[in-house]
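Letter by letter, the chains look like this.
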Amino acid sequence: MTASLVVTASPHVRSQDSTPVIMWNVVGSLAPVVAAAAWFFGVSGLLVVAAAVVGAVATEHFLGRGGTLADGSAAITGLLLGLALPPGLPLWMACLGGAFGIAFGKLVWGGLGQNVFNPALVGRAFLQAAFPVAITTWPPVGGPFWALKGDLFALPFTRPATDAVTSATPLGLLKFEGHATRLLDLVTGATGGSVGETAALAILAGGAFLAWKRYLNWRAPVSILLTVAVVSALIHLVDPHRPDAPFMLFSGGLMLGAVYMATDLVTSPITNLGRWVFGFGIGVLVVVIRIWGGLPEGVMYAILFMNALVPFINRATQPRIFGSRGAKVAA
Amino acid sequence: MTASGFRHGVHPPEEKGLTSRLPIRRMPFPDEIILPLRQHAGKPAIPCVRVGDHVERGDPVALADGWVSVPIHASAAGTVAAIDWWPHPDGSMAQAVRIRVDRFAAQVPRPRMVPHWEGLSTDQVIGAVQDAGVVGLGGAAFPTHVKLAPPKDHAVHTLIINGAECEPYLTSDHRTMAEYPDRVLFGIRVMMHCLGVTRCVVGVERNKPDAIAALERARPADLDISILPLTVKYPQGAEKMLIHAVTGIEVPSGQLPVTVGVVVQNVGSVSAIAEVFETGLPLIERIVTVSGRGLRRPANLIVPVGTKLRDLIAYCGGMTDEGVEVIIGGPMMGQAQADLDAPVLKGTTGVVVLRREETRQEKVYPCIHCGRCLEACPVFLNPSLLGDFARVGRYEDMAEHHLADCMLCGSCAYVCPSNIPLAQFFQAGKAALRRAAAGAA
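Here the protein sequences line up with chains E and L, keeping their order.
All residue numbers for the first sequence refer to my numbering, where the first residue is 1 and numbers rise by one.
All residue numbers for the second sequence refer to my numbering, where the first residue is 1 and numbers rise by one.
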């Protein structure tokens, strides 16, 4: 009597990559960004990120289907949300943002793979609407590592103390006060801003690593950055008072959004052509909101808006079937 | 797009080093031969022997049932022990002729006349091929004589010989081309004559340089036969991908290659045709690659059709302690076996034994829309969307989204990082649609 045989359905072999491997590599690729955040904003930045992660992970564990933490996607949501928040944000707000993002940006849709909107951005949009003052309070960069910025430990539902020393972000400076910022400061990250958005080079390094490993599709970020560069360069040509392309590219959350938010596999288009279209739409919207919108920063809403259009983009960019001249599938 | 490849596809590890240098050798005759009546596309054969009859090697045991059917012959001398249900490699129980082999017989077939093929008419040649029970040896087992007589309303201009052998582990076609190039080219000559074509291209993946060289050396000067190296990619050996690589033409969706003037035949089948006109023997044995790291002694063997898997694996030293899965065919499209009493069929290209760490894991994650399946699918479908439909049983939607074009190659399921069993979904979807069509008819 032979020992029992394993019977699988074909194909009986698989390539090495798995979804958890991809997710945890994305988490790992954010290490340079987190390190840069620690450099510029000290322990405050790390605490905000940690609080967002705790909120996200706890919500997924207690309200989710169970057993899904191991795939790493809740950790990514918490990390990206934390990196998009001001370093002095009260920790309870960061935690609540992570919880809201996972609950309403992912779990109510049916869990991993089912959501339309980027969960980290859903959390951030919630915080923007619920705590507009706190989320636009930007502590200055620098200072000792252990210095606590903002009012991190404000008790829940109490009004946070306003820090005596705040600074504006480069975009805020431009829109509300008409000041420009040195390009070198923007590129290296020595400006005010959210925890992770300032270190453009660290973000690009992480993105390059992921693209090399094929865990990230390069088309959406390249499309966004190209569009922003071209559109803002054209506008700058027509009206030199408007910011030029390098300023647009390196200020605000564009790098973080382009490389990590717009490349979220679940909420971006599934076809390569669709990713170009997606990136183009985001790029145009970012420039429009930044220049003519009421807010200094437009990346979050641009991405959320294009997320909503992804099902239509997918339908419109289905590939032609082999052996059918010109006929496209209606998705 | 050069002439030697196609778009998309995947690159599973080749694993051919286990057997690619092993010369073909003959295995001893087993004690029992199982000949299922259904081992070719078309109608199953009808038994023409009774229990207790003695048969010599090469005697017919079942006759063709109509045009799209072939006879089946005894692959060893012995006594018909039963005509009964027996495990079939496709997982079902099927009617089969069971022969108890004469242990000490010389296994010499009956003497027979071998007509010189050039003295026969085309119809007689085609009839001889059908009477010999020749089917496509690449796995699909389609009756070869039907391909030799294409419908008159399509002019055939090119014969393409499929030497791609893109499945991992399998090297039977490779060794056939490297060791018997003259036989292959003789078979091509016969085919070209039957089809009335003047041009033939033999497509061989670049990972078989010795096969390419052997065929080049043996090429006859009087025929336009060229050997075309192909990129090493799965599924290069799929008919439509091969035609595209060789001619640049995309066979229209739902149509046969003959509509674009091409006939494709596997290298092994061509070799079988040659043997019919060299020795007069019907198709009673074939070259099988027995491989995998779960097997003690991999080999390329001449195996009598109907040899039980159990006997074949035992002859190769048996499974190792880590061997857990036995697959007929290759690991991408082959069928895993639950019962080692199932026999080798005419269409069995290989037997692969995998270890546990090489088999697919069970945990399935949700689809994360990474799009790798779209980049892998050689017919440019959207497997992710088709998988979503399959999961909720929306088979008509799958049909609308071109499920019929799916050839179940498994490239999508191979690359899926969430381990979603896409090919299995599509197989179930196709079966459901067939049942619905049969029910409505």
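Errors might be hidden in some of the hints.
Unchecked claim - So the derived label-pair ranges between C-beta atoms look like this:
1. P240(E) / R206(L): 23 to 33 angstroms
2. R320(E) / P151(L): 21 to 31 angstroms
3. A428(L) / R320(E): 23 to 33 angstroms
4. V238(E) / G5(L): 46 to 56 angstroms
5. A82(L) / S4(E): 37 to 47 angstroms
6. R7(L) / D244(E): 51 to 61 angstroms
7. R7(L) / G143(E): 53 to 63 angstroms
8. R315(E) / A140(L): 27 to 37 angstroms
9. G5(L) / G143(E): 30 to 40 angstroms
10. R435(L) / S4(E): 52 to 62 angstroms
11. R320(E) / D90(L): 28 to 38 angstroms
12. A35(E) / S253(L): 44 to 54 angstroms
13. D65(L) / S4(E): 29 to 39 angstroms
14. S4(E) / C48(L): 34 to 44 angstroms
What the hints assert, rightly or not - Beyond 12 angstroms from chain L on every Cβ pair, some chain E residues (computed):
15. G110
16. Y215
17. P269
18. P319
No wet-lab data here; the hints were simulated from the structure.
Even glycine gets a Cβ: it sits at the ideal position worked out from N, Cα and C.
Cross-check of the supplied hints:
1. Hint check: P240(E) to R206(L), Cβ distance near 58 angstroms, so the stated range 23 to 33 angstroms is violated.
2. The hint said 21 to 31 angstroms for the Cβ distance between R320(E) and P151(L), and at roughly 28 angstroms that hint holds.
3. Separated by about 26 angstroms at the C-beta atoms, A428(L) and R320(E) satisfy the suggested range of 23 to 33 angstroms.
4. The hint said 46 to 56 angstroms for the Cβ distance between V238(E) and G5(L), and at roughly 47 angstroms that hint holds.
5. Hint check: A82(L) to S4(E), Cβ distance near 27 angstroms, so the stated range 37 to 47 angstroms is violated.
6. Look at R7(L) against D244(E): about 40 angstroms separates their beta carbons, and that is not inside 51 to 61 angstroms.
7. As the Cβ distance of R7(L) to G143(E) is approximately 55 angstroms, the hint placing it in 53 to 63 angstroms holds.
8. Checked against the hint of 27 to 37 angstroms, the pair R315(E) and A140(L) passes, with Cβ atoms roughly 35 angstroms apart.
9. Between G5(L) and G143(E), the C-beta spacing of about 59 angstroms breaks the proposed range 30 to 40 angstroms.
10. Checked against the given bound of 52 to 62 angstroms, the beta carbons of R435(L) and S4(E), roughly 30 angstroms apart, lie outside it.
11. Checking the proposed 28 to 38 angstroms range against R320(E) and D90(L) shows it holds: the Cβ atoms sit about 34 angstroms from each other.
12. At roughly 52 angstroms, the beta-carbon separation of A35(E) and S253(L) lies within the given 44 to 54 angstroms, and the hint holds.
13. The supplied range of 29 to 39 angstroms is met by D65(L) and S4(E), whose beta-carbon atoms lie about 37 angstroms from each other.
14. Taking 34 to 44 angstroms as the suggested C-beta distance range, the pair S4(E) and C48(L) conforms, at roughly 38 angstroms.
15. Not every CB of chain L is more than 12 angstroms from the CB of G110(E) (nearest about 8 angstroms), against its label as outside the interface.
16. In this structure Y215(E) is not separated from chain L by more than 12 angstroms, as the shortest Cβ-Cβ distance comes to only about 9 angstroms.
17. At the 12 angstroms boundary, the C-beta of P269(E) falls inside the reach of chain L, the nearest C-beta of that chain being 8 angstroms off.
18. Not every CB of chain L is more than 12 angstroms from the CB of P319(E) (nearest about 4 angstroms), against its label as outside the interface.
Checked against the numbered hints above, the structure violates hints 1, 5, 6, 9, 10, 15, 16, 17, 18; every other hint is satisfied.
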